[in-house]
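There are 2 protein chains.
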Amino acid sequence: MTPEEFRVAGHDLVDWIADLRTRVPDLPVRSSVTPGQVSAALAGPPPDWPAEFASVLADLDRVIVPGITQVQHPGYYAWFPANASLASVLGDFASSGLGALGITWQSAPALTEVEELVTDWLRQLCGLSVTWHGAIHDSASSACLVALLAARERATNLSETRGGLQAESAPLVVYASTQAHSSIPKAVLLAGFGRDNLRLIDVDPVTFSMDANALRQAMTADVADGRRPAAVVATIGTTGTTAIDPLSEIVDVAAEFDAWVHVDAAMAGSAMLLPECRWMFDGVEGADSLGWNPHKWMGTILDCSLLYVRDTAHLVRVMSTNPSYLQSAVDGEVTQYKDWGLPLGRRFRALKIWFHLRIDGAEAIRARLRRDIENAQWLRAQIESASGWQLIAPVNLQTVCVLHVPTRLVGVDGTEPDSAAVDAYTLRWVESVNATGRALITPSQVAGRWIVRVSIGAEPTERADVEQLWALMQKMVERT
Amino acid sequence: MTPEEFRVAGHDLVDWIADLRTRVPDLPVRSSVTPGQVSAALAGPPPDWPAEFASVLADLDRVIVPGITQVQHPGYYAWFPANASLASVLGDFASSGLGALGITWQSAPALTEVEELVTDWLRQLCGLSVTWHGAIHDSASSACLVALLAARERATNLSETRGGLQAESAPLVVYASTQAHSSIPKAVLLAGFGRDNLRLIDVDPVTFSMDANALRQAMTADVADGRRPAAVVATIGTTGTTAIDPLSEIVDVAAEFDAWVHVDAAMAGSAMLLPECRWMFDGVEGADSLGWNPHKWMGTILDCSLLYVRDTAHLVRVMSTNPSYLQSAVDGEVTQYKDWGLPLGRRFRALKIWFHLRIDGAEAIRARLRRDIENAQWLRAQIESASGWQLIAPVNLQTVCVLHVPTRLVGVDGTEPDSAAVDAYTLRWVESVNATGRALITPSQVAGRWIVRVSIGAEPTERADVEQLWALMQKMVERT
Chain A
1052 MTPEEFRVAG HDLVDWIADL RTRVPDLPVR SSVTPGQVSA ALAGPPPDWP
1102 AEFASVLADL DRVIVPGITQ VQHPGYYAWF PANASLASVL GDFASSGLGA
1152 LGITWQSAPA LTEVEELVTD WLRQLCGLSV TWHGAIHDSA SSACLVALLA
1202 ARERATNLSE TRGGLQAESA PLVVYASTQA HSSIPKAVLL AGFGRDNLRL
1252 IDVDPVTFSM DANALRQAMT ADVADGRRPA AVVATIGTTG TTAIDPLSEI
1302 VDVAAEFDAW VHVDAAMAGS AMLLPECRWM FDGVEGADSL GWNPHKWMGT
1352 ILDCSLLYVR DTAHLVRVMS TNPSYLQSAV DGEVTQYKDW GLPLGRRFRA
1402 LKIWFHLRID GAEAIRARLR RDIENAQWLR AQIESASGWQ LIAPVNLQTV
1452 CVLHVPTRLV GVDGTEPDSA AVDAYTLRWV ESVNATGRAL ITPSQVAGRW
1502 IVRVSIGAEP TERADVEQLW ALMQKMVERT
Chain B
1052 MTPEEFRVAG HDLVDWIADL RTRVPDLPVR SSVTPGQVSA ALAGPPPDWP
1102 AEFASVLADL DRVIVPGITQ VQHPGYYAWF PANASLASVL GDFASSGLGA
1152 LGITWQSAPA LTEVEELVTD WLRQLCGLSV TWHGAIHDSA SSACLVALLA
1202 ARERATNLSE TRGGLQAESA PLVVYASTQA HSSIPKAVLL AGFGRDNLRL
1252 IDVDPVTFSM DANALRQAMT ADVADGRRPA AVVATIGTTG TTAIDPLSEI
1302 VDVAAEFDAW VHVDAAMAGS AMLLPECRWM FDGVEGADSL GWNPHKWMGT
1352 ILDCSLLYVR DTAHLVRVMS TNPSYLQSAV DGEVTQYKDW GLPLGRRFRA
1402 LKIWFHLRID GAEAIRARLR RDIENAQWLR AQIESASGWQ LIAPVNLQTV
1452 CVLHVPTRLV GVDGTEPDSA AVDAYTLRWV ESVNATGRAL ITPSQVAGRW
1502 IVRVSIGAEP TERADVEQLW ALMQKMVERT
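Each protein sequence line maps, in turn, to chains A and B. Using the working numbering, you'd call the opening residue of the first sequence number 1052 and step up by one each time. Using the working numbering, you'd call the opening residue of the second sequence number 1052 and step up by one each time.
There could be a bad hint or two in this list.
Stated by the list, open to error - On the chain A side, residues computed to face chain B include the following (Cβ under 7 Å):
hint : residue
1    : VAL1089
2    : PRO1222
3    : ASP1354
4    : ALA1515
The hints are simulated quantities; they were obtained by calculation from the structure and are not laboratory data. Where a beta carbon is used, it is the ideal one built from N, C-alpha and C, also for glycine.
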């Protein structure tokens, strides 16, 4: 494709995207395709010869758009916000258009220095001290893996440079709460610690926050058994209920055992943009690493996950490579992000943050986050005053966790309802909400039972949309 | 930014990109900014309020374009080709515009099924058997890490689900050649094996291919010492000289020790698109995993790295998570790519391969790859017939490794030239080529001395460009 062919097709695609974003509210939120349907619609041998661009665009309309769940929809309340602000979409497009190669500073100095600039902008916007230095990763899963590798290597004084984990005698242990995201156990397993050396610490039954005393007891018991506490993962804003682990206390406990503290704020990190929410992060200045995803609530398009660390020299020792073909005269003067994470070759992802902040401005982002928090509080208030509805967890941010127990499932003598019956009922009414195509909410298991997460925070979701959702939820429980 | 504001700005950006790609040949290949120059040009507090889009575009011209090395330039011969075909740029833009969230099949069925489709298209185009199944990763570094984690867990019968690496007694060992890419030692260290358990096997002094007998000897010695060979990484197309490890022999040796074989063909994998190059991959059907990067020579824009594996059930056992909030009725019927790699949340990267193959067609890609191979052979022939020039390695693909030793550095009695003097001379004349801004070539150390890699394969590089490069190289050695 030549630049002139690109120009023509590109204009068509800009219009197509603008039109799509305009009509998303009229699409069903959840894709209704069945397994294999997309494959079947596009099946055929690999194309040897060029297709008309119009036919590619037509296939987007015919197959791709109906084949994705519309997370940019005002009725999207599932999983977590995955906003793709249009300013950041343009930044991502500019990155692709530039076609830069991020392997070293020399290969694209601007790629490195804009990444330093925007990660520092976000540090300032989040109220973090100057001791933190950030880099962009693809996901919180990868960022957490990097953090745990850094922790592993600090605990073993760089065992990777010698005999590796097998040469270490005392088993290393990692701690997180029972509510930690599934990516934490995954990272623990991949980093080689082993499931036997992962302790999932109990949480408070009301707040779902990690019990710091239980953490101390577990660490003490491990030390007594000849094990070495290597890392604690504290979650600010758990996936299940947006619970807030007591970071200050955790940092103090971890310090007693010289364990690395990684803060997983993948979803809730955006809340640091709001001064009134920073109390949730009290203690963060005592942590060693902090991960959060602008590609969630803040809305810089996927993939855009930040990992801040304080001891960058240690991180570089753990992750660095310096083959001759990448050496240059400026080595030592510049940041080499290849030594801050897993990949060597990196996209110019900083540009999408830069576009997002410059075109929208931080104030607009803060206003939107506050709107979402207010909408969640509004929904909380409705639920608290409605018969049969229960709040399952504190509404700390934008996620509302609810349960509805109809009178018929409560025993006539007021005994506890049959939990299996309530579970089945919950899954039925959620499905009836989702089947309308007007909203998507997620069932999730909390403390052994199915509850419903309403995760508010899609960019176009206004109060009127939340009001419609609440009406829809009430209607569907009546019909179920 | 609203869809209508996006429409206006998007049209401007399309024109800006088309214009940029048109004028890239007039830009210096190598960025001439000094460390800190980009940061200084963009410095300021984080923006609270929106900027005009025109001012953002102006900064791209003023700061960003001069701040990147132009790897889409016809004079780009450094590191490795990093083509960003404009068809794939549009695919990437479409992906961003859709704003899809790839966490499970349910969150974006088309994201999963198009990834299955295009990885199978590329499997077919590469002449690989139906036993291979591919997924898109960000980089060959990550893909290799995933492969070595799979190898580690096969060798230990899933130690991660028990006590991890520390509970395993016999040390696990990984093998690669001395010419393996730096990402291989990095992955070995990160996966916890430890540097003491990495064996860099000698290569043939002429072809730089791994010595399979030396591999067998090393594995035999390790077993005799109570160690367990876990994995062998064979490279097809090393970064230094595009050397080809003897895969058939390696697969046979590895089989004797039940070791996983990972094939790293990050750069050279594109050559599988050409039937006449498939001999380089003889034996691949006996390997366990194969990584290659369409984002290099083939030209699907970064980041687009493929990892093919055969035992996907094992891979999923190693990488899977299944938290309640992601469970759905179709689990078990569909592919969940979250369980094939490191990240949970993934972009719709398959779309850029799909656009690339549909808009350009495979035949045009094959023609371009053949053009590059012919250009490399042309340059090889010039070098072979030119006085003072030496070829350092076989020209297997598109990389030509050369050395120039001027008469004055050869002793009058014909003795070997002083290697330090030649090294200094080499680095000087390469720098004088690169300083012109008309070409960029990379010095690299091979067998202890600095040589020069000319990596042909930028999308716009035609024969006339290579002729100009050769003239420039000759002129600069004369002047040095």
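The hints, checked one at a time:
Interface hint at VAL1089 (chain A): satisfied, since its Cβ lies 4 Å from the closest Cβ of chain B, which is below the 7 Å cut-off. For PRO1222 (chain A), the interface hint holds, the least distance from its beta-carbon to any beta-carbon of chain B being 5 Å, beneath 7 Å. At about 5 Å, the closest approach between the beta carbon of ASP1354 (chain A) and any beta carbon in chain B falls short of 7 Å, and the interface hint on this residue holds. With a least beta-carbon distance of about 18 Å to chain B, the hint placing ALA1515 (chain A) at the interface is violated under the 7 Å criterion.
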